[in-house]
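Novice: What follows is the residue order along each chain.
2 protein chains.
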Amino acid sequence: MPAVPALNVALGERSYPIVIASGLLADGFDLAGYLAGRDCLIVSNETVAPLYAARVEALLHGRAVHRIDLPDGEAHKNMASFSAVLDALAEQRAARDTTVIALGGGVVGDIAGFAAASYMRGVPFIQVPTTLLAQVDSSVGGKTGINHARGKNLVGAFHQPRLVLIDTDTLATLPDRELKAGLAEVIKHGAIADAEFFAWLEDHVEALLARDAAALAHAIRRCCEIKAAIVAEDEREEGRRAVLNFGHTFGHAIENSLGYGEWLHGEAVAVGMLLAAELGNLDDAARARLRKLVAAAGLPLAPPALAAATLRRAMGMDKKARSGVLRFIVLDAIGEARVDANVPEARIAGLLSRAAG
Amino acid sequence: MPAVPALNVALGERSYPIVIASGLLADGFDLAGYLAGRDCLIVSNETVAPLYAARVEALLHGRAVHRIDLPDGEAHKNMASFSAVLDALAEQRAARDTTVIALGGGVVGDIAGFAAASYMRGVPFIQVPTTLLAQVDSSVGGKTGINHARGKNLVGAFHQPRLVLIDTDTLATLPDRELKAGLAEVIKHGAIADAEFFAWLEDHVEALLARDAAALAHAIRRCCEIKAAIVAEDEREEGRRAVLNFGHTFGHAIENSLGYGEWLHGEAVAVGMLLAAELGNLDDAARARLRKLVAAAGLPLAPPALAAATLRRAMGMDKKARSGVLRFIVLDAIGEARVDANVPEARIAGLLSRAAG
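If you're matching them up, the sequences are chains A and B in order.
Per the working numbering: the first sequence ends with 420, consecutive numbering throughout.
Per the working numbering: the second sequence ends with 420, consecutive numbering throughout.
Any given hint could turn out to be false.
Intra- or inter-copy, both count: the list cannot distinguish identical chains.
Quick list of in silico lysine to any residue cross-link-like pairs, SDA-like style, CA-CA up to 25 angstroms [what the hints assert, rightly or not]:
(1) Lys383 to Glu76
(2) Lys383 to Arg159
(3) Lys383 to Ala305
(4) Lys355 to Glu259
These are calculated hints, taken from the structure and not from any lab test.
Using the sequences and the hints, build the whole thing.
Specialist: And the structure:
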């Protein structure tokens, strides 16, 4: 097959390519060339594996391929799934050069990545994301982990993949609800870092919902470019990387309070962005544009029926907090985000009680 | 109290001091000054906590101190204990600036360190080792983890502490068997890296067994110096650091095959060193010196009654292996170690069948 142009996540000796194209799984991409040793473990789930596992295995001819299919859904992003992947690795007598391949959405990628980070204190790892959300966000940047009853993504590791392989054709099988949820993270990238891309999204949200291949490919590439640049600047989120969490403090609290899996991550982030837009210095026109775009993407505009106190308590487990002080990502304009550690408690309470009704 | 001289583990922005002295816990060492935020979690066990937890808590006056006591012993260095520490952190609503303090031996340090590495993808961590083995080896260098039914230390992370606080007075309460087990790792440091220290140990092994304070302090300091230098050179064991595993390929296989906790780690390492000494280019005189020193330390000289095939199979899970090829640490002389990836399978089989009878 012809060479496919790749983005690069520039992290010194941990740098890696993001390959984005249509037909990668069908057309014989040289995935085996990215394995570190003689064998690998494909981590997938019961929904995705029947659709794509055989194709991925075909790209690995000549290698010892093992596979584990996890139950599908955010509710299973937990210690039991993490343990199951570790058990599978031990069972196949995996060594330090065994490669873990995550084939699925963000849940699969996060669990598989955390297991790859932890097995023998770190084995090589490849992401093959099959949902829009994973393709534009969670597969890039090395954040891995599982949920805890007390907090979303509360346990995990930074562990960069050695390749992110995005075959845009996999979006053909994605349910509409998941496509929309992925659009929330697409909108986020524009909102925090690129006003021009945000304007493009306003013009192309219908095309994206209609799964126009060119529009999807452009959106995925632009999000990966934005995320790769931010991650290259601040791999371990000691500063600027935190802006990628726009909408996530509220969003994670919604997911945790409802029970993981009730709302999709992207749905919770959509509402979280609208709440966070009330903070910062966004003018009314900009706030209206954000709201309109979220609505056009078919995403929820208000949180589910939850007590404000419940949400506030769940927000207390946000990983950005320091010694009890919450740190919000706020916008000063479309495309301009910053961390604000000085949002008055009364402001948060007011926002939540108005929103949560 | 007067300033205590400290060793430094030189790892750039991850550098940290190892403070070694008598009376640190009793004399008001400024432990609170090393906390990152307002609160901490002391991870200890049911044996050590009654002896020393109150003293450590006294050094943290003014801070919010939480504590979890794990069951004692290698058999509990597992996923359940790891989860229990994470639950405790979530329960106290720990933030990214909460400090985890490991108070105990190597098992406590390894579990607490892995939990600190994983909670919120990494929170600060302090080691207060109370066994000789932990003071001379496991508390320094950032290796953390838990055992898996299939392999010792199979799951974990590299996570450097911000301080290692060694109060040599804690050795007063250490059972004799544990003291001897610690001496195995002391002997290892001489054997792999310092012929002069090895000779000193030959002269002072009786004093160490008699718990002579000056002798113990010297041995601990020298081991920490040796380990700090090796770790500074190769933090993530991509090369030279592997020599610290001298005796551990055989040793881990013994621990795993017997069931964790049957033999102490140091006991298994003692036998493992004698087996590994049969490989490499050690002359008979040097091998005899190693054997004599291990015997003088009251450590076992032969593996437990296990089938050679059982041990060989357990060795297959050694983390140094690559694509099924074992890599042994061998000695060319006392004080000179290297990695050997070319030990013929027949050599290993012969060694095991002779040793295991």
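Novice: With reference to the structure, classify each hint as holding or not holding.
Specialist: How the hints compare with the structure:
1. Only between protomers do Lys383 and Glu76 lie at most 25 angstroms apart by alpha-carbon distance; the minimum there is 21 angstroms, versus 27 angstroms within a single protomer.
2. Only between protomers do Lys383 and Arg159 lie at most 25 angstroms apart by alpha-carbon distance; the minimum there is 7 angstroms, versus 32 angstroms within a single protomer.
3. Only within a single protomer do Lys383 and Ala305 lie at most 25 angstroms apart by alpha-carbon distance; the minimum there is 8 angstroms, versus 36 angstroms between protomers.
4. Taking the shortest alpha-carbon separations for Lys355 and Glu259, only the intra-copy value of 16 angstroms comes in at or below 25 angstroms, while the best inter-copy value is 75 angstroms.
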